[in-house]
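4 protein chains.
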Amino acid sequence: MLIVLKERNNESLIAEVQDLLQRKFGCPSHIIGGNKRVLAVTGETSVIDIEYLRSIEGICSVDRVDRPYKLASREQKDRTLIKVGKDCVIGDPKSVVVIAGPCSIDSEGQLDESTAMAKQRGVKILRGGAFKPRTGPYSFQGTREVGLRMLAKAGAKYGMATISEVMKAEDLPLFEECVDLLQIGARNMQNYDLLKAIGKSKKPVLLKRALAATLEEWLLAAEYILHGGNPNVMLCERGIRTFEQEVRFTLCLGSIPALREMTHLPILVDPSHAMGKTRWVKDAALGGVAVGADGLIIEIHPRPQESSCDAAQLLDFEHWNECMDGVHAVAHAIGKTVI
Amino acid sequence: MLIVLKERNNESLIAEVQDLLQRKFGCPSHIIGGNKRVLAVTGETSVIDIEYLRSIEGICSVDRVDRPYKLASREQKDRTLIKVGKDCVIGDPKSVVVIAGPCSIDSEGQLDESTAMAKQRGVKILRGGAFKPRTGPYSFQGTREVGLRMLAKAGAKYGMATISEVMKAEDLPLFEECVDLLQIGARNMQNYDLLKAIGKSKKPVLLKRALAATLEEWLLAAEYILHGGNPNVMLCERGIRTFEQEVRFTLCLGSIPALREMTHLPILVDPSHAMGKTRWVKDAALGGVAVGADGLIIEIHPRPQESSCDAAQLLDFEHWNECMDGVHAVAHAIGKTVI
Amino acid sequence: MLIVLKERNNESLIAEVQDLLQRKFGCPSHIIGGNKRVLAVTGETSVIDIEYLRSIEGICSVDRVDRPYKLASREQKDRTLIKVGKDCVIGDPKSVVVIAGPCSIDSEGQLDESTAMAKQRGVKILRGGAFKPRTGPYSFQGTREVGLRMLAKAGAKYGMATISEVMKAEDLPLFEECVDLLQIGARNMQNYDLLKAIGKSKKPVLLKRALAATLEEWLLAAEYILHGGNPNVMLCERGIRTFEQEVRFTLCLGSIPALREMTHLPILVDPSHAMGKTRWVKDAALGGVAVGADGLIIEIHPRPQESSCDAAQLLDFEHWNECMDGVHAVAHAIGKTVI
Amino acid sequence: MLIVLKERNNESLIAEVQDLLQRKFGCPSHIIGGNKRVLAVTGETSVIDIEYLRSIEGICSVDRVDRPYKLASREQKDRTLIKVGKDCVIGDPKSVVVIAGPCSIDSEGQLDESTAMAKQRGVKILRGGAFKPRTGPYSFQGTREVGLRMLAKAGAKYGMATISEVMKAEDLPLFEECVDLLQIGARNMQNYDLLKAIGKSKKPVLLKRALAATLEEWLLAAEYILHGGNPNVMLCERGIRTFEQEVRFTLCLGSIPALREMTHLPILVDPSHAMGKTRWVKDAALGGVAVGADGLIIEIHPRPQESSCDAAQLLDFEHWNECMDGVHAVAHAIGKTVI
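Chains as they are written, first to last, in my numbering: chain V, 5 to 343; chain H, 5 to 343; chain F, 5 to 343; chain C, 5 to 343.
Isolated chain V (complex conformation):
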């Protein structure tokens, strides 16, 4: 960390800041340069309250230099490969994983048909919402435990791994029994108690980006889980909130190459929630593959109009097949295999 003072040779301010750094944050610092305006801080600088330093009268600027996350950082390693279920490895630069299934698990029949749709196109990980975070209290809240057990059953029947969103720590034992991959939704990305609980789980996790999270905040949320002892975190871009209202959310496909340089964790894209309309999902899915995502998570349904939620964005047979044809073609074009 570099601290630049407004004036040269301000000995008393230098002494005050050095004392503060040492006493409050345990960080040594020393002056660099002849005009005595720059302090270089060493030690465990991630605990330093950088905003406070910036607010001190007489300090001109503070440059963190290093990122505040460590375990999630690309400096740790190049790539994390995460095994989900028996035979699916996510994060290999030569492959693109597709996770698919219904938005909401409404009934055994609907889930079975949706699972068959997914299986038919070679999907190895089945998604399905049981506990649903809904914007309003009058919307359908999910089939909950019943639905989750249906998901486990469908996964077993079709030989697929499973993923579902967990909303609170108390439900973890149930999820660990029923799914292979835990999902943390956008609204819970900074639910720190949940992150800490999942940090102690043995199951891999898919962590969605919050609607207004910077890449750094997202990686700090991942850091909570990694720091808790769970190394198997993958990230999922699902669109941020901007002034653009014609699509449901603004999918940050352009951030993926930047994120790739910041972290070794696998990066997936959710085109369904971002686009919000069935007929736009395929284009966004192909875009996600083309910018280099490690995978996609897509919502499908044999008859979208019957779904208890998000009917507007579900892919029916025709759209699903078109989408997968495109995903295979684009993945192949950039030297990747769809798994």
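If you're looking for bench data, these hints aren't it; they were derived computationally from the structure. Mixed in with the good hints there might be a few duds.
When chains are identical, the list treats them as one kind, so a pair holds in a single copy or across two.
To be verified - In silico SDA-like pairs for lysine to any residue, Cα to Cα no more than 25 Å straight-line:
| # | residue 1 | residue 2 |
| --- | --- | --- |
| 1 | K207 | T139 |
| 2 | K28 | H332 |
| 3 | K10 | G140 |
| 4 | K281 | M266 |
| 5 | K340 | H268 |
| 6 | K87 | N234 |
| 7 | K281 | N14 |
| 8 | K28 | K281 |
| 9 | K74 | S111 |
| 10 | K81 | Y142 |
| 11 | K10 | M266 |
| 12 | K207 | G140 |
| 13 | K28 | S99 |
| 14 | K74 | F29 |
| 15 | K161 | D91 |
| 16 | K40 | E11 |
| 17 | K206 | E326 |
| 18 | K172 | P306 |
Given the coordinates of chain V, work out where chains H, F and C should sit on it, guided by the hints.
Relative to chain V, chains H, F and C alone:
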């Protein structure tokens, strides 16, 4: 709800849409107008998946007309008055409440001094963070139960009501024992399990706006609590995330008159977290009063540099006194009393 | 346009609104539905001040139903094909155009080398900035007329069409002499005098999206040009301004399928300005092709470090070749040809 | 400017970067600190392409330290006082100026009535739009030269200074004849040719913030005018574009204290365009005064429903009087006088 079709006299589409509305959402509908393009939908339209309707080929537009929240709506009543502690009533159009206290409860001594600072200026509700939501896992996480009990003790000693942020449902019994007013932080505004649990509490609640929440989403979060049976919800604007990076968050003071027309719930402003710098807090606090907020929640500390968090934005004695002088003057100017 | 009143049977308000619509905007209206809450407005509704209607006490909601642009609307036709230079047709669903060249025209030698780079990969339209809009007055402002004439010369030498940004109406005669395609930059998207002047030009136009423009505002800017008599407008997404700061701008690739449904005009993508870093441009370019853009505009330079502007994002030989290899592969994968 | 390298003692990279800085930007630099990771750059660093430095492999971070604008900087002086017309001085910390008048100049009668409304409340500067920037080509485009001459006449009749928006450089002679204060609208904030032309004018300027401009970009736009030789620039916050859609724009009142520390230029607020609804304008106006703005610019009209544009946000007599009563009261409360 009004549904407009692209074409006139499309009998088969009309029949299909009417059937869907009735069968899936239980809502009757009828054609209005001679050219048969407009369907008026009646009944419990808040359960209708409006995005799905919009995605149907042949439908041109859907106008909800009514808002999806009910209990929080201004149509219910003009104003909700909320009693906190023994003698503080929030929401009266003629008063402005000031809640104050340290960002974080670090020690008995620090809390006592901060409480005295608040008390001296007539503050009736003491704030103090015990369970702290921190962006990164390496930051100080709060004094937790110990801190919360200190807060209760300080409140009792100085005859003040207390408020602190609750982060998970399991902590509710402890909070109900120790505080008079529950705070839900911005990051938990859509933690629906927490909202549901607090809906069953007898304690009033201060619900902060999430960084990317629309006013409608915010009121739907309040609706969860109201619907759960707890009528005492107050809202707190604390800044949204925008491209503006010179201040910590963008305080939506301009939205307050709009929000006032949408809901009967009291509306407070948190100038401390939005501004992020001690020397800017007063101006934002005065702005909040001037645009018509029902109150402010402000962070103070006898010696900000010693605080374990958010030191950059805490008001010391001098800034606190200046701020309160200004708050009184502006409140008085618009015909209000500071309580 | 549909206007919904708050109350039923409010005869005096109905009369007042109907009178206003007829007298001020020349639009007839009639009540539809038995409970007398809905007014259907006909005639030239695009001149109606919708915000004013919404602000009238007693009006509950106003739904425009139809979009305020007409000539740019997809309802006019399916696709506009635009011929640039002698043999390049933009907008065909089976082709992807690549426009390339240096950010800034610095010298004849540099331009010649850059043009050769472009030509070598089959590029038919050469870009080059002569009049440069720079954020600060101390930055290099472009080689201006001298540069523009160099561009014309380079285009002639290599048999390529040319494009450059025009910043004010008075420069139009010079541009019409020197380039085949006029570019309007993001900062001038709502410079209405410029749009009107270009509406009278015979040259095709590439209209970049402003940093904070909605899709509707963008199409209304295009409408100015179309309405002026110039039918050959193509749109170029170049990233919007959001809270995301790790990349230069947030490229709205997800909006492209939505925009395609709104308009018949060709849609291009500028990955260079959005990403801001050489090593990220290729991924964004491939993403643009995959989501269905009609073309790309890319900045290249034999030795980026020598460029007088935007050196951070220019593609050198190696990155350019990799990018074009990828563009061809992805275009081919989705059934398109690169032109 | 400080440049931090990723590795220590990378002599060849140090040499390369130092050479680049000297040769391309004319800036000397030297290593500071013993581990040879930090370069301090001196000289005219505002011409350096900081993004390019950041993109160089091996460079870890670049901290500008100093702002890229100079003449607009607070380091130049504390406050600029700007005289408009004969007796109105804007920028004094003890006063708040109110500029008022109709959105659009529609007729002599309407302007006369509006001017009388303004004059009655002591307003010294009359606003009125003659050349109107409208989002769509079918909207009323203003009474143009005719309207501007009416404005000059009204100003003379009532002894008031005048302000109107200028949209292109060619119109400057006409504006210099008719108005005392030039307005640059949000959409033209980065119309650099217009800024340069106005830099040569003798008239003071009010520069509105663009919808997506950072404070730094806004000050760089002001810098264009100052650098051109016109020292009399005042800034006007009028709301930015965010995801918040319930009000027209998001008024950044919280940024005003931050902006005050960055520049010596006067800062005004436009509550009318930001709020978009008559009944919300007063609260925003009072908020603007309370956060410390140097003035307000407000749209008024004797009968808003007759206005040719922005009828939804115009203050009629009743709202105008209430607003001015509040402005006086709040200004007085913070020790200021309304001029």
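Consistency of the hints with the structure:
1. For a Cα distance limit of 25 Å, the shortest separation of K207 from T139 across copies, 23 Å, qualifies, whereas the shortest one inside one copy, 28 Å, does not.
2. Proximity of K28 to H332 under the C-alpha cut-off of 25 Å is found in neither arrangement, the shortest distances being 55 Å within a copy and 36 Å between copies.
3. Taking the closest pair of Cα atoms, K10 and G140 come within 25 Å of each other only across two copies (23 Å); inside a single copy the shortest separation is 51 Å, beyond that limit.
4. Taking CA atoms no more than 25 Å apart as the test, K281 paired with M266 passes between copies only; the shortest distance there is 14 Å, against 31 Å inside one copy.
5. Taking identical chains as interchangeable, the C-alpha atoms of K340 and H268 lie at most 25 Å apart only when both belong to the same chain, with a minimum of 18 Å there against 34 Å between chains.
6. Taking the closest pair of Cα atoms, K87 and N234 come within 25 Å of each other only inside a single copy of the chain (13 Å); across copies the shortest separation is 45 Å, beyond that limit.
7. When the C-alpha separation of K281 and N14 is checked against a cutoff of 25 Å, the pair qualifies only between copies, where the shortest distance is 23 Å, while the shortest distance within a copy is 60 Å.
8. For a Cα distance limit of 25 Å, the shortest separation of K28 from K281 across copies, 19 Å, qualifies, whereas the shortest one inside one copy, 52 Å, does not.
9. With identical chains, the CA atoms of K74 and S111 are never at most 25 Å apart, being 43 Å at best within one copy and 30 Å at best between copies.
10. With identical chains, the CA atoms of K81 and Y142 are at most 25 Å apart between copies only, with a shortest distance of 21 Å across copies and 46 Å within one.
11. Taking identical chains as interchangeable, the C-alpha atoms of K10 and M266 lie at most 25 Å apart only when they sit on different chains, with a minimum of 14 Å there against 31 Å within one chain.
12. Proximity of K207 to G140 under the C-alpha cut-off of 25 Å is restricted to the inter-copy arrangement: shortest distance 22 Å between copies versus 30 Å within a copy.
13. In this assembly of identical chains, K28 and S99 lie within 25 Å of each other by CA distance neither inside one copy nor across copies; the values are 47 Å within and 40 Å between.
14. For the identical chains of this complex, K74 and F29 are intra-copy neighbours only, at 18 Å inside a copy versus 35 Å across copies, given an alpha-carbon limit of 25 Å.
15. For the identical chains of this complex, K161 and D91 are intra-copy neighbours only, at 16 Å inside a copy versus 58 Å across copies, given an alpha-carbon limit of 25 Å.
16. Proximity of K40 to E11 under the C-alpha cut-off of 25 Å is found in both arrangements, the shortest distances being 8 Å within a copy and 23 Å between copies.
17. In this homomeric assembly, K206 and E326 never come within 25 Å of each other (Cα to Cα): the closest approach is 36 Å inside a single copy and 40 Å across copies.
18. In the homo-oligomer, the alpha carbons of K172 and P306 never lie at most 25 Å apart, since the shortest distance is 30 Å inside one protomer and 38 Å across protomers.
In summary, the numbered hints that this structure violates are 2, 9, 13, 17, 18.
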